[in-house]
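Visitor: Now for the letters of each chain:
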Amino acid sequence: MSETITFDKAAKHYILEAFGLGLDKEGYIVERDNPSQKVLTVDGDEITEGEFAGIKKGSLLFFKSDLPSLIELADRL
Amino acid sequence: MAFLEKLKHLIKVDLRNLINVRINITVNKDSPVSLGSDKRVLNIDLEGLPAAEKGKVLEAIKDTVEKDGSALIETSAEKIVREIKHSEQLPEMQKILEALRDYIPSSDLPILRAALYIRKKFKEGPIGSVKPLKDDIFRKYGDRGAKISNLCSAGYIESMIIPLLEDMKSDLDFSRERFQQSYETIVVESGFAVFVHAAMSKEQIRREALEKIKTGYKYGQRRLHIHGIGKANIENVREVADQLTCPPKTGPIAMRVSG
Chain A
101 MSETITFDKA AKHYILEAFG LGLDKEGYIV ERDNPSQKVL TVDGDEITEG EFAGIKKGSL
161 LFFKSDLPSL IELADRL
Chain B
1437 MAFLEKLKHL IKVDLRNLIN VRINITVNKD SPVSLGSDKR VLNIDLEGLP AAEKGKVLEA
1497 IKDTVEKDGS ALIETSAEKI VREIKHSEQL PEMQKILEAL RDYIPSSDLP ILRAALYIRK
1557 KFKEGPIGSV KPLKDDIFRK YGDRGAKISN LCSAGYIESM IIPLLEDMKS DLDFSRERFQ
1617 QSYETIVVES GFAVFVHAAM SKEQIRREAL EKIKTGYKYG QRRLHIHGIG KANIENVREV
1677 ADQLTCPPKT GPIAMRVSG
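In order, the protein sequence lines correspond to chains A and B.
Under my numbering, think of the first position of the first sequence as 101, with each following residue one higher.
Under my numbering, think of the first position of the second sequence as 1437, with each following residue one higher.
I should point out that these hints are in silico values taken from the structure, not numbers from a laboratory.
Just so it is clear, CB atoms sit at the ideal spot from N, CA and C, and this is done for glycine as well.
Take the hints with a grain of salt, since some may be wrong.
Rough simulated footprint, nothing fancy, chain A against chain B, three-plus residues with beta-carbon under 8 Å [stated by the list, open to error]:
1. 1573-1584
2. 1670-1676
Straight-line C-alpha distance at most 30 Å; calculated DSSO-like pairs for lysine-lysine [stated by the list, open to error]:
3. B/K1521 x A/K109
4. A/K112 x B/K1492
5. A/K109 x B/K1498
6. B/K1515 x A/K157
7. A/K109 x B/K1444
8. B/K1475 x A/K157
9. A/K157 x B/K1559
10. B/K1605 x A/K112
11. B/K1498 x A/K138
12. A/K109 x B/K1531
Isolated chain A (complex conformation) (with noise of 0.2 Å):
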């Protein structure tokens, strides 16, 4: 099995730093390159920095903190 690495919910906006990511003004993420473009959860949600609980490989798939999505993330483990 892969490795799993948690963050602290203080530490999100350095995580989402560390992928070229920020906030756009209503707190949606958002491609610091093009901040016109939400990032987009596997299931094609918009995600605000409040619901974003994680990342995993392929291309880069980005978690909800919602009950379904965390299931999601456990079969993808």
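Guided by the hints, dock chain B onto chain A, whose structure is given.
Guide: Okay, now just chain B, sitting in the frame of chain A:
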């Protein structure tokens, strides 16, 4: 761990029992890299590191996700993911999922998994702890998600749906489609149960119970189960059930109240 290899110049603690890497932002400038008290979690305090080292850590995180396939998960979410994986290994959960996996609509399987997890959490803790999870199901799956979740909470997966499937499988003309027709009736109508939530008045409970009795009578049901959650609901439910008079032509109905 590939991630730790990239940072070995920074990490000077004994990692023999390490099972996880946790990055947190507590200010602890004396030891920006430390082991948790059980020696199984490595804490990296980003704000305790010099800027250059912080950059190296973040670069290593990015690399390990993009190149090594590591997962990067917020701490409280990771706890839930671990609980999900653990609970689905339990024999009672596996039994339910194995029984229904190939027969219910595939789009209902994630709902069922979520509902089973919620039921387990409900049994372990206060009612308030599951409301956000139930809201998650409703937001993603709408009324159907809420209905399946309620059926699961009330035990109807084991007491009704699985026995129905087993019974139908013994028929010579059994098919997945035939089972799904009956399953759909249970899910959509929840025909034999009234689920009572906190906002329902006694009159609303009474009206819904009578409606369910009439609908159930049409499909051969001679019973009604009224299921409430919370002390206030149970008292209302019992009062309504005691005073309920069945509609004409439905005949005697076996009524059960629980919560």
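Visitor: Does each hint hold? Answer for all of them.
Guide: Cross-check of the supplied hints:
| no. | hint | in the structure |
| --- | --- | --- |
| 1 | 1573-1584 | holds (count 4) |
| 2 | 1670-1676 | violated (count 0) |
| 3 | B/K1521 x A/K109 | holds (22 Å) |
| 4 | A/K112 x B/K1492 | holds (17 Å) |
| 5 | A/K109 x B/K1498 | holds (17 Å) |
| 6 | B/K1515 x A/K157 | holds (20 Å) |
| 7 | A/K109 x B/K1444 | holds (25 Å) |
| 8 | B/K1475 x A/K157 | holds (28 Å) |
| 9 | A/K157 x B/K1559 | violated (35 Å) |
| 10 | B/K1605 x A/K112 | violated (50 Å) |
| 11 | B/K1498 x A/K138 | holds (19 Å) |
| 12 | A/K109 x B/K1531 | violated (36 Å) |
When held up to the earlier numbered hints, the structure conflicts with 2, 9, 10, 12 and fits the remainder.
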